[in-house]
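J.: Listed here are the chains, written in short residue letters.
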Amino acid sequence: MDWASGKLPLAGMRVIDWSLYWAGPYLSMTLHDLGAEVIKIESPGNWDPMRTVIDVNRYAGDKARPMTPQERSNVNQHYNEWNRGKLGLGVDLTDERGRQIVLDLAAQADVFVENHRPGAKAKLGIDYDDVAAVKPDIIYASISGFGQTEPERNAMALGAPVELASGLFSLNGYLHDETPAKTGFSYGDPVGALAALSAILLALRGRNKSGAGRYLDVAMRDALSFGIGAAFTDWSANGDVRSRRGNRHPVYAPQGVYRCAGDDEWVAISVRDNADWQALGAALGNPAWHGHPAFADAASRRLRHDQLDAQIESWTSQRSARDAESALQQAGVPAGAVLDFQQLGEDPQLAARGAFLEVEHPVFGKEVRASSQWARGEQPQQIDLPAPCFGQHNHELLSRLLGMDGDAIDLLERDGVVANEINAAAD
Amino acid sequence: MQELANLRVIELGRTAAAAFTGRFCADAGAEVVLVEPPDGHPLRHEGPFCGEEGIETSAVHLHVNAGKRSLTLDLPSQAGALRSLVEAADIFVTDFPTAHLAELGLASDDLRAAAPALVITQITPFGDTGPCRTYAGTNLTCLALGGQLKITGDPAREPLSNFGAQAEYQAGLSAFAGTVANVLLRDATGDGAYLDLSIQDVVATNLEHRGPALNLGLVANRAGLSVSATYGVYPCADGWVYLTAFAPALWDRLKSVVQLPELDEERFSTQAGRLANNDELQAILTGWTLGKTSDELRAFAQRGEPLTVTETPQRLLASEQWRGRGVAHEVDHPQAERIAVLGSPWLEEGADSPSPAPQLGEANGELLSKGRA
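Heads up: the sequence lines are chains C and S, in that order. Residue numbers for the first sequence follow the numbering used here, beginning at 1 and rising by one. Residue numbers for the second sequence follow the numbering used here, beginning at 1 and rising by one.
Looking at chain C on its own, in the form it has when it is part of the complex:
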């Protein structure tokens, strides 16, 4: 893939993104990264809640400032993170003329992405059948918590709660703890998005061969469960509920997250085999305990893991996480400082890989955005567009794709069918 020359697998394709929050928008952003033009559809009375539901001023500290509802809706850094590269269309889907605009655009699209509830799609008349009627070879992808099938098709779950329903939450937790644990903030979203992306790319290959489109029903839960599929296989054979294993590994020993000097500073260390174990000893200055035959192999190290953890932590707690990481890596031991978000932004490896790039947003100004995971090394990506302001590309899209003239668009705007501001009363 080559972003500079535009040699990208989805170049020339068009995607309608009628999705909200995180999984759907993230998915359609990756379709843009692979070359597609992505049109984000929002309604003035029912926009992507990510624009407003989390008040960015809550986090902004001394950068907090009064904002109009319109300004607020265009600077949200959650929304802007997962919608960069898209063109924004603000259109009232409850108006038949608005619905028709979406269907007319879909008739010129290759992929349609949505994550609304079954009832909402049917009520607005923008279901798979509606879109396939105007574009029979459309790839229409629905992302949801549990899938579009009974009995759970109406159940709702965003990316965080869906982890509880996947089995993952029940298996997470500190060593031998009774209480389960939740991953980060909203782990179901990126996993569900990448699974749906895979399905769409496969379906496009199928369409290239057969000419047929298809409906894709991807459940975030199913994607999360697949990642821990071994636990399902284990249960089916053994019927045991396993004790929680915290940061330990079934084979590597020792492995853990160890306290370092400073407040809430930690380093993760894995000893994969005896070679790593010898290297760990060298990095720590070959302390007497390390040479004890009781630690000669992984099985015996596992038996005395607590004791080893205390010895390792007595070394890590004397130095910073980065110093510990560096000393261990120089010796060849897998080690990594536990980075917070700010440290991610400053990490030399991620920076050298071009993981975070800058783009100019018309309202917010300079923004740092993650670039595509597939654009590293030889062919770096340039971030071409920030996220759209609400309705930012109405005129361009309606004239370029639907051939409307200025008067026709003005009429739609006057009637509120097309809008470039959210209906703040609904905020």
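Hints listed in this document are in silico derivations from the structure and should not be mistaken for laboratory results. There may be inaccurate statements among the hints.
Listed below are several chain C residues computed to face chain S (Cβ distance under 10 Å; list not exhaustive) [said to hold, decoys possible]: (1) H78; (2) H116; (3) W235; (4) L350; (5) I409.
In silico lysine-lysine, BS3-like type, Cα no more than 27 Å apart, as pairs [stated by the list, open to error]: (6) C:K135 - C:K7; (7) S:K255 - C:K135; (8) C:K135 - C:K123; (9) C:K121 - C:K7; (10) C:K7 - C:K209; (11) S:K255 - C:K121.
The C-beta atom is built at its ideal place from N, Cα and C for all residues, glycine as well.
Place chain S on chain C using the hints.
T.: For chain S alone, kept in the frame of chain C given last:
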């Protein structure tokens, strides 16, 4: 979806990252040849085991290697045979570091020169460029350096890895998408490609809240079980439930389910008020959730109310939803006997079950015979 049928994939890996990518390829219809050392892929040695402990019965092997073929090669002495196989294949998936691949004659530049249509996917902890490209890494250290560890667990304790090999799973999923993208490009142009995927990078760029953090200075730490009273985990009578009520419409629905007059108090009438009175609200809602069983709460969830009940692997395998969707397959395996193997998340209803994970070296005879290798 058998959209990769007639493509051959050579998988050379040691971790779940390449193994997941290979598994997705197999589910999509490709012939996936798992190249293993004579004593088996490292995941064959990882417990728990299904039945007797042994080289064929590791649960993670049975899951991630389902649908593949197995070829054992003694490397580096059989590197020539491997190179021939790779050059004749359509896709090469590996999580070996570049230095190791070069020793085997499998450096990406050499392969691309010899096999210009080959799609190469390399998944490593840090990628193949940058100052840390030769550093060692594992699932845990990639979660640390990718930022996910910092925000998982109890703020009063050490950061916590989630279950499984989730950094490697995210990377395996991302690598599969990138691989199919490169196959689409190859279909159109005839050209192969090299994807250099970094596991750290996948974890870091998949993280939510990174946008506000890097642009507004948001400082995020481990939040434990709860983001706030209106978005978090609560204990119920026999398990745990997640309440999702941070938006006005969701709050109104939750109130109609909970039916406690306290929730109508003025201080809880806006989301700002609910956040300002978070602890009191949490106490009231905890009183309600503790009085409900998972089954009672699940009934609310199924009709679309804003809550989500904890499920375990055993319950999901038996669930009507999964039976209807065909998520889990019953697979007969010579040593592990009848086991459940999950299908890829996009497999359609009525899809064929994956064939069981291969016996070690089952394809040696065919693949190493003259004319194939």
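J.: Next step is simple, just say for each hint if it's right about the structure.
T.: Here's how the hints hold up against the structure:
no. : hint            : in the structure
1   : H78             : holds, 6 Å
2   : H116            : violated, 12 Å
3   : W235            : holds, 5 Å
4   : L350            : holds, 6 Å
5   : I409            : violated, 31 Å
6   : C:K135 - C:K7   : holds, 26 Å
7   : S:K255 - C:K135 : violated, 42 Å
8   : C:K135 - C:K123 : holds, 20 Å
9   : C:K121 - C:K7   : violated, 35 Å
10  : C:K7 - C:K209   : holds, 21 Å
11  : S:K255 - C:K121 : holds, 25 Å
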